[in-house]
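Go ahead and model the full structure; you've got the sequences and the hints to work with.
There are 2 protein chains.
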Amino acid sequence: MKHVTIKDVASKLNCSVSTVSRAFNDKYDIRPETRSLILKTAEEMGYRPNPIARKLIKQRSLNIGIVVPEFVNSFFPEVIIGAQDVLHEKGYQVLIMQSNESKDIEYKNVETLVDNMVDGILISLTSEVTDNEYYAKLINRGMPLVFFNRVLEGLNVSRVLFDDYKWAFFATEHLIVQGHRNIVHITGPEELLLTKERIKGFDDAHKKYKIAPGKKVTCGFTMKDGEGMAQKMIDNDELPKAIFSASDLSAIGFMKTLKNNGIRIPEDTAIVGFSESRLAENVYPPLTSVKQPTYEMGRTAAELLIEQIQNTGKFVPQTIVLNGKLNIRESSVNVGA
Amino acid sequence: MKHVTIKDVASKLNCSVSTVSRAFNDKYDIRPETRSLILKTAEEMGYRPNPIARKLIKQRSLNIGIVVPEFVNSFFPEVIIGAQDVLHEKGYQVLIMQSNESKDIEYKNVETLVDNMVDGILISLTSEVTDNEYYAKLINRGMPLVFFNRVLEGLNVSRVLFDDYKWAFFATEHLIVQGHRNIVHITGPEELLLTKERIKGFDDAHKKYKIAPGKKVTCGFTMKDGEGMAQKMIDNDELPKAIFSASDLSAIGFMKTLKNNGIRIPEDTAIVGFSESRLAENVYPPLTSVKQPTYEMGRTAAELLIEQIQNTGKFVPQTIVLNGKLNIRESSVNVGA
DNA sequence: TTGTAGGCGTTATCAA
DNA sequence: TTGATAACGCCTACAA
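Chain order of the listed sequences is A and B.
Quick note on numbering: my numbering labels position 17 of the first sequence as 835, and the sequence is numbered without any gaps.
Quick note on numbering: my numbering labels position 103 of the second sequence as 921, and the sequence is numbered without any gaps.
One should not assume that every hint holds.
Any copy will do: because identical chains look the same in the list, a pair fits if it lies in one copy or spans two.
The calculated DSS-like cross-link candidates involving lysine-lysine, where the alpha carbons are at most 27 Å apart (straight line), are [to be verified]:
| # | residue 1 | residue 2 |
| --- | --- | --- |
| 1 | K876 | K825 |
| 2 | K1050 | K955 |
| 3 | K858 | K926 |
| 4 | K876 | K984 |
| 5 | K908 | K1028 |
| 6 | K955 | K825 |
| 7 | K1074 | K1109 |
| 8 | K921 | K908 |
It is worth saying that the hints were derived from the structure and are not from the lab.
Bear in mind the structure is a predicted one, so any value in this text is a computation, not a measurement.
Here's what the structure looks like:
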């Protein structure tokens, strides 16, 4: 497509390109009448300064990139909306990229954003990313970066995360208080820090009540993953009395298979999910789940990033831990006892 | 952040920038050894051609923009994944923007993409966009464009949409066949073409069975919208025997209020949704809904766009209508009769 | 096979 | 207050 350029405007008005440029850059060394004439003419001609050329010379874009591992769950979209609200307000445009849980795509996404000279990046990692090297390099090159939700350790970078340990602890404790002694934790991908934190919370809750540690099984975050896990347990005849799942979707998939097999929830098996989605309160039976402050996570990450961009050099990375809430519903309430 | 440039590489190797450039552009007028030496050195130095500069000179970016009105529903994310699969394969990077159902943000998003010199745009409109003017201009300027799902009429542009008329007809017919004669259609925002099509389908199904036309009430696409609508009907004592809702979310919100008021589904009021979300089969009772081919919609739109980009000028815009499926579940099956 | 130079659309520096 | 000109990083005739 064709762009009207600064030259077109200049030649139409018989003035130099620098004058036109000045009119658009709010410098004061230009006569007001000239300025308004230029602006008017440019408007008529449909001229808009080309930000590509501008980027090239200014080395900044007023664009921010957001990279998420997936957005089939409502979790990331909600975070993005929070971030977007802050960034738009500050005059930034937001470019979103999703990595489909693939490390290769994630790296490509980041490169694309770097190539497009975004001023900063908000990122949540795919589960395939386990080592620091790539991002250490990026940070070293001076790209303002904030990790959220799925983060790495050992990097000098800001992070916004959820207190996975604490809420896994509470979720487990809730099941224990309901009288359960045979709880299985369906974890997320083992590489994720949040998985490790949730496992720790799960174990410590057992310790507090002096119960033998519950079993852990690794599982993905999708509904299909949950369905498969349930089927496996049923087939092996090792379905526990209670399940604490690291994701709502896998919990709901799990429930689905149980229901199809005539197993009652919570009477036969109680279930607690994590990372509340809109699904939780609408499935049957309604699912007990840990609610995370998604919108706030996006806002916080965005604010941190902007602060960093505005204070390059003297900015000290921080880690902000957000709080949550356990929504108790029928899927875990011991109606029998 | 600092970029290694072509000059750095050239001076390191004591050659000219054009030689380096050539090495990266796979032209054959370069000695293989020179080429591989340059590539190797560049790699070591961390040089990557700056696509901003490249865009400026080539006037193309290998980037495609996708603009969606929202992505809280899983509908648009699924479409995006379909489009992304095609585009990645063709070597394009995908920039996603969401408009939050606001016309202003939508236009800004489009401008940002144009400014970033994307090679084409896939777009689904916010409900606030009702006139052609803005997009007519964009098309006129030569930006390759494909509308999907939420489209405009009267523009010379490719469109991928769903046969809303047909499936609204079938959904309604299903309720009629179940014996219902008092069906209310909860529509989407009136401005949307798809809303009009669904209303037409709803009415024509009534005609076919020679039943007096059912009532229509306008409503948003969110769960809250559905909840409010149900409450209003209950308060006014005008709850019908059957509901055909233009969105799963509003249908589910509707169900929620009904359940809270002790109204049985489908015995007291039967419900059919539209645009199947993952929720449909997991809520209680499971919701009858029209399933749309989201992933395929994304693929098709992307393919159309690429075709258009590759044949600028001689490309003839097409409208592709995709098929769907009615998933019949408990929420609408007449158990009483 | 390689180098030189002009240009993509801007902004910034210096003269005028 | 305005204009010429050199960047920004790259590509591509054209010349060597």
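Hint check results:
Taking the shortest Cα distances, K876 and K825 sit within 27 Å of each other both inside one copy (19 Å) and across copies (18 Å). For the homomeric pair K1050 and K955, neither the shortest alpha-carbon distance inside one copy (42 Å) nor that between copies (58 Å) is at most 27 Å. Taking the closest pair of Cα atoms, K858 and K926 come within 27 Å of each other only across two copies (20 Å); inside a single copy the shortest separation is 41 Å, beyond that limit. In this assembly of identical chains, the alpha carbons of K876 and K984 never lie at most 27 Å apart, being 45 Å within a copy and 53 Å across copies at closest.
When the C-alpha separation of K908 and K1028 is checked against a cutoff of 27 Å, the pair qualifies neither within a copy, at 51 Å, nor between copies, at 58 Å. For a Cα distance limit of 27 Å, the shortest separation of K955 from K825 across copies, 22 Å, qualifies, whereas the shortest one inside one copy, 40 Å, does not. Proximity of K1074 to K1109 under the C-alpha cut-off of 27 Å is found in both arrangements, the shortest distances being 21 Å within a copy and 20 Å between copies. Taking the closest pair of Cα atoms, K921 and K908 come within 27 Å of each other only across two copies (19 Å); inside a single copy the shortest separation is 31 Å, beyond that limit.
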